[in-house]
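Participant: For reference, the chains in residue letters:
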Amino acid sequence: MPDRPSSGRNAAGAPLEGRAVGGRPRVQAEHLRVDGDVVPAGAPGASLLEVLRGAGIFAAKQACGRGECGACTVLVGDRAVMSCTMPAAVVTDEVTTAAGLGDDAADLRAAFADHAAFQCGFCTPGQVVRAAAVLRESVDRSRDEIAREMSGNICRCTGYRQIVDAVCAVAESRQAAR
Amino acid sequence: MIGESIRPLDWAEKTAGTARYAADEPPAGTLVARVLRSPLPHADIKRLDVSAALRVPGVHAVVTAADFPEGRVYEHSGGPYSDRPPMAVDRVLYVGHEVAAVAAETAEAADEAIRAIRVRYRRRKAVLTVPDALAPGAPQLHQRADGANVAVATAEHWGDVDLAQANAAFQAGGTFRYPRVNHACMEPNTTIAWWHDERLEMWTSSQAPHFVVHELANLFGLELDQVVCRDVAVGGGFGSKSKISEHEALAAALSMKCGRPVLLELSRAEEFAFTKPRHAFTTQLAAHADTEGRLCFLDAVIDVDNGAYNHYGPSVMRAGIKQLGSMYRPDAVRWDARLVDTNLVPGGQFRGYGQPQTAIGLETLMDELAEQCGQDPIDFRISNSGLPDTTQLSGSQVGSNRLRECLAEVRDRIGWDAKRGPERRPYRGVGVSSGMHASGSYAYPGGNTSAAGIEVRTTGEVVVRFGGADAGTGQRTILGQIAADVLGVPMDRVGVIMADWDETPPDMGAWSSRGTHMGGHAVRQSAEAMAARLCELGAEKLGTDDVTLRDGCVVSGADRIPIENLVDGALRIDTEYVEPKMQPYWTGIERPNISATYAYAAHAVEVEVDPGTGVISVLGYAAVHDIGKAINPALVEGQIIGGAVQGLGAALGEKLHYEGGRLVNAGYVHYPLPRATTVPSIDVGLVEGPEPAGPFNAKSVGEIALIPAAPALLNAVYDATGIRFRELPLTPDVVLAALRERDGVTPRRHHLARRPGRWQIGLFRALYPYGIHLLLDRWGTRFARRPAPRPVERVALPATVAEAVAELATPDATVIGGGTDVLVQRDQELLFPTVLVGTGAIASMRGIEEKPGGDWRIGAAVTLAELATWASERVPMVASAIATIASAQIREVATVAGNLGQEKRCWFFRNGFDCYKRGGVTCPCYAVDGDHRLHHAAIGGHRCQAVTPSDLATVFDALGAEVVLTGPSGSRSVSITSLYAGPGELDLRTGELVEAIVLPASALAARGVFVKLQQWDGDFALVSLAASVTVGDDGRWTGARYVFGGLAPKPWQPPRLTRALAGAVPTADAVAGVLDQDLSWEAHPLPGNRWKLDAAIGLARQATEQLLLGRTRDEESDD
Ligand code: FES
Ligand code: FES
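Residue numbers (our numbering), protein chains in the order written: chain A, 1 to 178; chain B, 179 to 1297.
This is chain A alone, in the form it adopts within the complex (with noise of 0.2 Å):
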C-alpha cells in the first residue's frame, strides 16, 4: 500500500498515512496569516522573516538569517521552522510568532521566567516557539530527547541548562494535567 507522508508527525514517530499533497498549481498567495492579522506577502524571493518583519512583526529575531541559529523560530501551522531561510512565497498555512502563541504557551513562558531561562532575550521567542512545537508534539520525553529537539536553537546567555530545565517542568506538569 502506498504510504505518504503528510506534514506533521505523530508522537511516537511511528510511520503516517497521510493526506495526499498537491495536485493543483499552487499561486503564490497575496497574503500570508500571522498571530490572526493578515499580512501583505512581500517580494517574490523574501523570506518569510523579511516579510515579518517588514510588516512590523518583531518577535521573530535575525541573528543570522541562514537557517543555523534558530533566533527566527516560528510556526508554520504547526511546524516549527526558520523563518529566515523560508520562501515566503511557499507558505500556505497560518504563521504565529513567539508573540502570537497565546495561552497555551503561558506555562511555558512562566516556565522560562521561573527558571531563569533566558538573559539577553534575544533567542528568547525562537526557543519559546520552538519548545511549543516540541510539547505540542508530544510531553513524553525525556531530558536527554528534550536537549536534542531544542539544539537548532543557539543560547550564547544561559548555557542552556535554565532553559532545558524550563521545557522538562512544562513536560512534567501538561503530563500530570493529563
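It cannot be assumed that every hint is accurate.
Stated by the list, open to error - Selected chain A positions facing chain B (Cβ under 7 Å, derived; list incomplete): (1) Cys64; (2) Thr124; (3) Cys157; (4) Arg161.
Don't read these hints as lab results, they were simulated from the structure.
Just so you know, even glycine gets a beta-carbon here, dropped at the ideal spot from N, CA and C.
Assemble the complex: chain A is given as a structure, and chain B with the ligands must be docked to it using the hints.
Facilitator: Same frame as chain A, but now just chain B with the ligands:
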C-alpha cells in the same frame, strides 16, 4: 527580597518577543546603512570616489573619513593610547577597516551604492602574526614609543624575585596559546542614530551608554547633552558592548548628513569578522614551588596580539598579568609582556578580560606542580589559596576569600575522589581550576563612581533610574530587588528605567563585573535616602518616630500610611555613590587596590575522550562560587552556567581562523558554539558569607565564571589521556593527532611515487607555497567571475514534474525544496536565480511508495522529517542519519533532493573567498595552504579540496540507492556516485531535476549503521560512515558497503575493504586493518587533515562493532 529568585522584571516582554531591541520599531523614515570595508589587510587608499554611489536612486548620504573633524580619534584607553580614527584615513590597517558608509531607502539601494564606490588601493606588506610584526624590517602600523609595532611593553616584577627563586625546588613550565574568539552575541551590533533638533538620538545595543555618549560627543565636537541613548533591550554583550563598538559613529555621521534616522545593523558575517574579538595571548609561563609544595615564583613572557588599534588592549594585558599575582600566594611574580600591533581586526574586551588567557597557563602548571609534589590538585590549590583579609602581591586588598570552601565543595559535587580512584574508566578524567575576579575596577576616571535615582509616584509605583544598561546580566532585576527590599515595597510595584540619560543619572555602565557592586550600592544608597525621607514624612503624619517601611506603607504598630500618600506629585532622590576602597591606576600608587571586593570560584569537569576519533565529551561539570550573597540566586546561577559554557566553547572548538588577514569562519556553521546537547547540565554551588564592602554582602559573578572552564577542561583531558595540551581549542584533529603521537604510531605512508594519477596534483600542491598561491591569489582572482546580484522575479509552484521541467527551461531558474540552501547561497552571493521553482505542490514528488518487487520510491520533495518518520522502523540507518542533520526546524522543510543537491560547505567557498570553484580556473583553492583540518578532502582532492556535505548521499550510497532524474528528454536513473560531478555538485543535464530516489528492496532487509564525527548535533560531517550489510545465518557478510562521507569529494567506498568483506565473517580489527591499507593506497591527505584517516578507522571500528552487536542481538532474540 534579597536572596529570592524572583522573576526577571522583563520576563513578560522577553518571552513573548515584544521587548524592543535596537532594530525593532524604527522611527518612520528610517534609512538602511551599509559599510564598505577594506578587502586588504594593509594598503594605501590611492583614490576613493563615492560620486557614483550618491547617484544611486534612494541614496541619501555617503560618509568617509573626510566627514569627520580632522585628526579626531576615539578616546578608548586615553592619552597616548588613543589611536583610532572613526574611519580609515588614507590607509587601511585590516580587512574590514571602514572605508565608506551609505544610507539609503532600502537595503538593495544601499548595497548597490556600496558596489558603486570606487577605491584604488596600493597594497602594502601586512603583518598578520605577532612574530611577523616583531621581525626586523616589518612594516610599522603606528609610531609607538615602546618599539616597532609594540604598543605597550612592560617588564616588571612584584615581590623578591631572588628570594623566590632561591626557594624553588620544583618547576613546571610551558607555552600556552589562547586564540582569538568571538563573543557571538545573538543580537548583532545594531544602532539607529537620528540627528534632529541639534541632538543625536541613539537606539543602540550597548552595555554602557556612557562610553557611546562620550565618544560620539568627542568625535563630533558635541556637548554631552547633545547625545542621548534610549533604553532598548540589548541582545548580549559579554564585554563586546561595554565600550563603544565603533559602528555607532558611522550611523551617527550618516544621520547628521541627511537628517533622517539611520539603521546600521551588522550581518552575522560582519559580526564574526569585524567586531573586536578576545585578544590572543601567547604566554610562556614558568611556575616554581618550594620543598613544602608552596607556589613561590611565577615567571611570564607574554605576547598579546593587539590587532590594528589599541582599544583597551593595554588594560586587557594588564589584567592578564595581574591575575598571576592575585590568585594564589607566590613570593614573587615577574613578567615581560608586549602588546603587539598586527594587521588584523583590533582585539577588544571580552568577559574575563585577559584573565582566561593567562589562567590556562597558571592552572595547568598548578596541576603539574601538584603532581611533582605528590599532592592532589585540589589539596594543592587549597594549601596555596590566598587568604581573607590580606593584601596580595598584585595590590588587591582582599576582604572575604572563600576559595578553599569552594574547592572543598566542588570536590564533592563532581565526585572527585571516586572518579580519580582505582575504579576509574579508561579515557575518562576529571580536572579542576580556580578562578577569581574583582567586582568593578577603578581603571578609568570615574570608575569608582555610580549614581542612581529613586522615585516614588502617587500611583504607589517605585521607579529606579540607573544610567547603565542590562545586556542580559539581570542587573535590571537586581537593582529593582534592592530598591524593593530597602523600601519595603512588593516587587510588582517596582520599575527600572535604564540607560536613557534624559531620564537617569549617569553611570559608566556594565563592565568589569561592576553592575551589582557599583549599581547595587548606588541604588541601595538612594533607596536608603528615600526610605529615611518616607519615614520622616510618615512619622510626621503618624505622630511617632517609631516607624518602619513595610508592604508599601510607613508602619507604626497598627497604623500605616501607603507611601503614595506621602508624596506630592512625585518624590525623587538621586545620589552618587563613590566607592571608598578603590584606588586608581594612574595616580602613582604602585600597586593600587582597584576593586572593593574579590570573588572566587572553583570549577571541576569530567570528560571522556574517544580514542578512535579524538572527540571530547563533557560528562559533568560543577561550579562553586564564593558569591558573598546571591541577591537573586536563579540569576546568579544563570551567569555562572552561561559563563562556564562560554569557557567550554573556547576550550573545545571556538577559534577565529584567518587566511591572508581575512576571516575564514564567519558564520555559526563554521564556528562551533556550544549547543544544548554539547554541554552537560551544569551543577552550581553557592558559598555565601559576609563581605562588608559589598552591597548586602554581594560580590561579582559576571566574568569570573568563564575563567576556570578551559583550564579545568585541560586538566581533565590530561587526567584522561596523560597528554598536556597547552593551546586552545581542543578540536578532534588536535586530540587525535596527539593520541597517535603519544602511542608512537608512525605516520601512514601514501606511496605517491607509485601512484602516477596523483603526480600532477601532488606537484601542484607542493608548488602552492612557492608562488602558485601568491600568483593565483594576487593576480588570478582579478579575473574571478562574480555573479551580478539580481532579484528573484517569480516563484513558480508547478503541480507536475512536466510543468517543473518546463519552468526549468527559463534561464536562471533554480529548483527549491525547502529553500534552506538557495536563500543562503543568495546571501553568500553564490547564486542569483531569477525564477524559483518550488516542488512542494508536485504530488508525485511528495510521496513514498512501494513498487512492485519491493523497491521503494521516495519522492525528491519529501522532507527530511517525513523521511525520518517513514524510515524509523524500516531503514533505521536513514532515520538516525537524518537526526544528525542541521536542526529540527530545518528538517521540517528541507527536502531529500535539497539535501543531496546542497552546495559544498567549504569555509572559503561559502565565506566569500574568490576560490577556484567560486571564481574560476584562475583562482586558487585556499584550502591547500589554508586551514583544511576539518572540512576538506583527504582522499581524491583535485584543484578543489571540498567534500560533498550531504549525509543522505553517504547513506543512500551505502544502501545502493538509485536516483531518478527527469528532464526535457525523459527520465534516467543513476547511482549516487554518478549523481555527483564534483563536491556538492549534481551532474544534471539542462532542465533536469531530481525526481525521486529508489531504495532497493535489499536495502530494507540489510542491517545498517550510520556514525558521524561532528562538532555539535547538526554539524556537517567531518567524517561519517554509513555501512550496510546482509548477514547470513552462518554469520557471513554479503553485499557489504562501507561508504565514507567527509573524506573525499564524493561519498567514498574503500575498494579493498569492499572486496575483503564479501563472504567474510569480519571483526572490527580486521576491518580496521584492511581499511588502513585502503587509506594508505587511496588517500592523498593535506598536511592538516591526515587525522581524518585515523578518525575514519575509529568510525569503522565503531560501526563494525555495532553491526556485529546487531547480529548477536538478532541471535539472542531468535533463541
Ligand atoms: S536567524 Fe534564522 S536561523 Fe538564525
Ligand atoms: S538569552 Fe541571550 S542568547 Fe539566549
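Participant: Each hint needs a verdict: does it hold in this structure or not?
Facilitator: How the hints compare with the structure:
1. Cys64: Since the shortest Cβ distance to chain B is 4 Å, the answer is holds.
2. Thr124: Because about 5 Å separates Thr124(A) from the closest Cβ in chain B, which is inside the 7 Å limit, the hint holds.
3. Cys157: Hint on Cys157(A): holds, closest Cβ of chain B at ~5 Å, below 7 Å.
4. Arg161: 5 Å, holds
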